[in-house]
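Peer 1: Sequence:
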Amino acid sequence: MEIQQLLSKYMLEISKVDDENKLYSALVGILKRILDFQVLNVLRDKELIYSEPGDVTIAKEYYVDYLQWVEERLHPAFLPFEDIYVGLIPIFKGSKVLSLIVILTTNEPTAEVIDYLQLIAYLSGITLENLRLFKIVDDSREYYETIINVSNDGIIVFKDRDVEFKNVKAEQILNEHHRLFDEILKSIENGTEFFEFEEANSFFSVSLKGIKLFGEDRILVNVRNITTEKEIQKLKEVDKIKTNFIANISHELRTPLAAIKAYVETILSMPMNYEEIQEFLNIVHEQSLRLEQLLNDLLDFSQLESGTMRIVVEPANICDIIERAVSTVQVFAEEKKVKIESECLPITIECDRRRIEQVIVNLLNNAIKFSDPQKDSRYVRVSVSDEGEKIRISVEDNGIGIPGDKIDKIFDKFYRVDNELTYAIPGTGLGLAIVKEVVEMHGGEIQVKSEVGQGSIFEVILPKTKMSKE
321 MEIQQLLSKY
331 MLEISKVDDE
341 NKLYSALVGI
351 LKRILDFQVL
361 NVLRDKELIY
371 SEPGDVTIAK
381 EYYVDYLQWV
391 EERLHPAFLP
401 FEDIYVGLIP
411 IFKGSKVLSL
421 IVILTTNEPT
431 AEVIDYLQLI
441 AYLSGITLEN
451 LRLFKIVDDS
461 REYYETIINV
471 SNDGIIVFKD
481 RDVEFKNVKA
491 EQILNEHHRL
501 FDEILKSIEN
511 GTEFFEFEEA
521 NSFFSVSLKG
531 IKLFGEDRIL
541 VNVRNITTEK
551 EIQKLKEVDK
561 IKTNFIANIS
571 HELRTPLAAI
581 KAYVETILSM
591 PMNYEEIQEF
601 LNIVHEQSLR
611 LEQLLNDLLD
621 FSQLESGTMR
631 IVVEPANICD
641 IIERAVSTVQ
651 VFAEEKKVKI
661 ESECLPITIE
671 CDRRRIEQVI
681 VNLLNNAIKF
691 SDPQKDSRYV
701 RVSVSDEGEK
711 IRISVEDNGI
721 GIPGDKIDKI
731 FDKFYRVDNE
741 LTYAIPGTGL
751 GLAIVKEVVE
761 MHGGEIQVKS
771 EVGQGSIFEV
781 ILPKTKMSKE
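The number in my numbering is simply the position in the sequence shown, starting from 1, with 320 added.
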């Protein structure tokens with residue numbers, strides 16, 4: 321085959337190679353056809369990296385004295401050595417020698433063949449340099465991809481609305497939280513730079529940043545799982561609330577005990593007439609009831625925490641329950657100058673009569689307790705409406721109201737809306753937590769509407785028949 325044909329075939333072959341060994345294999349093939357060599361070695365930085373046959377190494381004394389000379393000339397040379405020729409063919413790109421072919425052959429090539437070898441060396445040098453550059457780029461890409469893929473943050477690159485890249489963590493997060501992807505797209509459209517996302521008790525912070533890649537606009541999205549941070553924050557909040565609760569409950573216990581002790585000591589130490597003793601004993605009785613309610617709340621809370629609270633279901637007329645609840649808080653309402661209005665439908669439901677009465681008493685007490693002293697007319701309205709398979713009990717007041725950002729928290733254990741606002745108002749912060757639990761044990765729900773300065777409406781929705789869970 322003519323050298324030109326061999327060269328054309330070689331050029332086609334090296335255009336498809338993707339690593340150095342394949343290049344050298346192709347190079348060996350064409351040199352074998354042109355030179356019919358006995359041994360071929362490839363050197364890089366004077367170290368052997370390839371040989372043909374595979375187990376033969378050419379002794380350095382054949383060529384070591386000529387290496388610098390050949391590398392400076394950048395031209396093939398064949399040197400006679402006893403009965404053979406030592407061929408030195410530098411593979412180069414520009415003025416840089418990338419590797420050196422050392423050949424042992426019995427035939428000295430012609431000047432024309434050496435010119436072709438020069439061309440082959442040049443083409444091989446270009447290919448070899450490209451392969452090395454590709455490898456550098458590929459290694460760099462693999463390096464950064466490895467770093468990105470071991471990151472605990474999800475990383476996504478958007479071009480317009482299309483995902484151009486996402487790391488392993490991002491893929492995992494999006495597979496588990498499908499709605500998050502839609503939220504990211506909305507944020508891209510709205511120009512939002514940061515938002516937090518919650519789903520299935522998992523929390524994520526998502527940041528979006530415009531960047532330039534290859535001269536085009538992209539959006540870089542970072543998704544970080546902050547569930548642990550949120551849990552720690554919540555634990556700290558609970559710990560703080562519990563600390564405040566302990567301080568508050570100590571105060572709540574001391575207040576009635578101090579009053580009882582003071583009035584009893586006065587009765588025992590001073591001569592008093594019947595009316596005075598009766599007045600003092602009434603105060604002692606009131607403080608005893610307050611202490612009893614406090615201890616009942618603590619007992620109920622203990623049962624809720626341990627899961628030992630049980631309800632006893634029986635048919636009960638809701639009007640009877642409401643009448644008893646109103647009667648229980650009537651004296652307290654009169655003291656606070658709060659008018660209680662009651663409107664009821666005689667509906668029979670299956671419930672724990674004592675617990676539902678406790679719920680209504682608690683809601684009425686709260687409404688009275690948080691009445692607005694600045695208003696001349698203060699009221700609490702309790703009503704019942706029939707909703708087919710359910711009833712709705714509403715307790716409405718025109719008291720101080722609840723800030724909108726606090727409504728979701730008022731059913732948390734130990735929570736009180738605002739220490740500054742409610743400091744002078746007694747309470748443990750357990751009442752509404754107990755109310756919610758009792759209502760849910762009946763298969764019901766509780767809803768709240770409130771506005772600061774206008775008042776609140778608490779609505780308890782209960783099924784008429786036996787509750788769905790205990």
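If you are wondering where the hints come from, they were derived from the structure by calculation, not from laboratory data. Just so you know, these numbers come straight off a predicted model, no measurement behind them. Mixed in with the good hints, there may be bad ones.
[To be verified] Here are the simulated DMTMM-like pairs of lysine to aspartate or glutamate, each with C-alpha atoms no more than 20 Å apart in a straight line:
#1 LYS506 to GLU519
#2 LYS352 to GLU381
#3 LYS729 to GLU771
#4 LYS413 to GLU428
#5 LYS689 to ASP706
Peer 1: Next, verify each hint and record whether it holds.
Peer 2: Hints, one by one, checked against the model:
Between LYS506 and GLU519, the direct Cα distance comes to roughly 17 Å. Compliance with the 20 Å bound is thereby established for this hinted pair. Straight-line distance between C-alpha atoms of LYS352 and GLU381 comes to about 23 Å, which puts the hinted pair past the 20 Å bound. Restraint check: the Cα-Cα separation between LYS729 and GLU771 comes to about 15 Å, which is no more than 20 Å; the hinted pair holds. Note on LYS413 and GLU428: the hinted pairing is violated, with a Cα-Cα distance of about 26 Å set against a maximum of 20 Å.
Taken as a hint, the LYS689 and ASP706 pair is broken in the structure, with Cα atoms around 28 Å apart against an allowance of 20 Å.
Comparing the model with each numbered hint stated earlier shows that hints 2, 4, 5 do not hold.
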